[in-house]
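Residues per chain, in single letters:
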Amino acid sequence: MRSLANFLDSFGAILLAIIWIAPLLFAFWAATHSTSDAVNLELYSPWTMDNFRVAWDGAPWLKYFINTFMLVTVILIGQFILTTLAGFAFAQLQFPGKEFIFILVLMQLFILPEVLIVENYAMVSRLGLFDTILGVGMPYMASAFGIFLMRQSFKSVPIELHEAARIEGCGLLGILWRVYVPLAKPTYLAYGLVSVSTHWNNFLWPLIVTNSPETRPLTVGLSIFGAPENGVDISVISAATMMSVAPLLIAFLIFQRQFVQAFLRAGIK
Amino acid sequence: MSAHVNLERRRQAINGWLLFSPAAVLLTTFAFYPSVATLWSSMFSRGTRRRPTEFVGTENYVDLFADPTFWLVVKNNLIYAAATIPVSIGIALAMALWANSKISARGFVRTAYFTPTVLPMIAAANLWLFFYTPGLGVLDQIGSLFGLPSVNWLGQPETALWAIIIVTIWKEAGFFMIFYLAALQTIPEDLREAADIEGASRWTYTRRIVLPLLMPTTLFIAVNAVINSVKLIDHLFILTKGGPSDASKLILYYIWEMAFAFFHAPQAAALTILVIAVLGIVAAVQFFYLDRRTHYQ
Chain A
1 MRSLANFLDS FGAILLAIIW IAPLLFAFWA ATHSTSDAVN LELYSPWTMD NFRVAWDGAP
61 WLKYFINTFM LVTVILIGQF ILTTLAGFAF AQLQFPGKEF IFILVLMQLF ILPEVLIVEN
121 YAMVSRLGLF DTILGVGMPY MASAFGIFLM RQSFKSVPIE LHEAARIEGC GLLGILWRVY
181 VPLAKPTYLA YGLVSVSTHW NNFLWPLIVT NSPETRPLTV GLSIFGAPEN GVDISVISAA
241 TMMSVAPLLI AFLIFQRQFV QAFLRAGIK
Chain B
1 MSAHVNLERR RQAINGWLLF SPAAVLLTTF AFYPSVATLW SSMFSRGTRR RPTEFVGTEN
61 YVDLFADPTF WLVVKNNLIY AAATIPVSIG IALAMALWAN SKISARGFVR TAYFTPTVLP
121 MIAAANLWLF FYTPGLGVLD QIGSLFGLPS VNWLGQPETA LWAIIIVTIW KEAGFFMIFY
181 LAALQTIPED LREAADIEGA SRWTYTRRIV LPLLMPTTLF IAVNAVINSV KLIDHLFILT
241 KGGPSDASKL ILYYIWEMAF AFFHAPQAAA LTILVIAVLG IVAAVQFFYL DRRTHYQ
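Sequence lines, in order, name chains A and B.
Going by the working numbering, 35 is the number at position 35 of the first sequence; the sequence numbering is gapless.
Going by the working numbering, 195 is the number at position 195 of the second sequence; the sequence numbering is gapless.
Honestly, the hints are just simulated from the structure, not real lab data.
Accuracy of the hints is not assured; some may be wrong.
As the list claims (entries may be wrong) - Here are a few chain B residues that face chain A, going by a calculated C-beta distance under 8 Å: (1) T111; (2) R202; (3) L252.
Unchecked claim - Below, a list of computed lysine-lysine pairs in the BS3-like style, where the Cα atoms sit at most 30 Å apart: (4) A:K63 to B:K231; (5) A:K98 to A:K185; (6) B:K241 to A:K63; (7) B:K75 to B:K231; (8) B:K241 to B:K231; (9) A:K98 to A:K155.
Keep in mind it's a predicted model, so treat the numbers as computed, not measured.
We put the beta carbon where it would ideally sit given N, CA and C, even for glycine.
All chains, please: the whole structure from these sequences, using the hints.
This is the structure:
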């Protein structure tokens, strides 16, 4: 009885897993076969890399890759600095208005930058940041999620360590840098992974704020490349899609243990 | 002595504000100010060359409520939420229970479930396009094996929204699974042993012990799923563009369209305010009601 249940469990789990990666497998298969073989599902047709060549020549992908890379880097650096400082203030310092402001910050978890696209677009234009990578990144730097996460992490640091560092003559920033930041490494790792994958994949805001291949990230480039008006066929689109997801996907497959562990360890519950 | 305490308190206040100030500046610039500005501009008319913008009070809202597309979009988004939230949570729970149990190929299973999470929504849409395309798509190919007629999943009003919903569920279930997995690992093994000794079946154990312990996680995920039901619209740009005849159009897409395709910013602002109001209610429920039980400390 028990072994039958176990078998059914394994069967169900694996069936669901296959369904879940099927779209990716089909796209991979389509990308590596000629269009007519792909749409006719010719299982024994020959492999080809032509689609990748056609896709690569069809758009400035290298520039897109660099833009996306720059974008996630800029956002990550900004987020680490801002959320560390703010998270520390909320976790360990008493200042007037703290409770109220913290609730205001948490409100941003709900009122997402995505919803405020109209006014944020006006703001970015006013700041002269339209069609710049900084303009795409800035609204996300003071992330409420990050501030919240850092606060939680800093709160769990024993106050004795703080006191000891102070007696040793450390200033406030010194204490933050030498005591709190090293102890929060797992949180930084988890937050970094979440942030990079979020912004690598972000689309709507970059679509609005970028207007040239010089700043356009991969997702926007991919959407333009795949637009039906361009008459690109499905194998080529699949190849372009595989290309643009490859870096993150490969990184995930290699580091998936860390990836999942990071989530679990950060105590995001 | 009290002077010393006072000094220390003042120093903390200054330091606290100084440390918070960079975040405060950006939050004000890109969250607080735009929220207020949106409310403000939702009360003005659209300026044209001949007629400058003028204060119109609630006119934009009245126009919005008189717009049948608005109601269709709201209805679509409610269906979208009502379908994606429970289904993706249910699947996530099943995934987590499986990924946490002793089954064969557990590593592969976990990876497969989580993989869609690291893909951009745009890429996901491209992958699914290959499934949905009439005649050539995988679904039609499979259907034709059983003699079923070709279906234009994305091209007909009855199925377009559901095609969108399926992609969303596919995308977010694996992400929610992670939170359940994290929670499952905090459940002490003793409980399972105790249940075994008591002769409780696996189903009873899951229903009476595991699920109640997962309640806080479920609430957290549910709030995230609600937010996602507003936010996850990227795939519309690839799959349907809101069509056919607005059958799959969702609110955020409509906001984008009004502001950046029809250039009717005040109307878009009015709609934005409505969305913010709804999200604000969700936030209030979360803070003042749910937080009591799921305490974050």
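Hint check results:
no. : hint             : result
1   : T111             : holds (6 Å)
2   : R202             : holds (7 Å)
3   : L252             : holds (7 Å)
4   : A:K63 to B:K231  : holds (27 Å)
5   : A:K98 to A:K185  : holds (25 Å)
6   : B:K241 to A:K63  : holds (27 Å)
7   : B:K75 to B:K231  : holds (16 Å)
8   : B:K241 to B:K231 : holds (15 Å)
9   : A:K98 to A:K155  : holds (15 Å)
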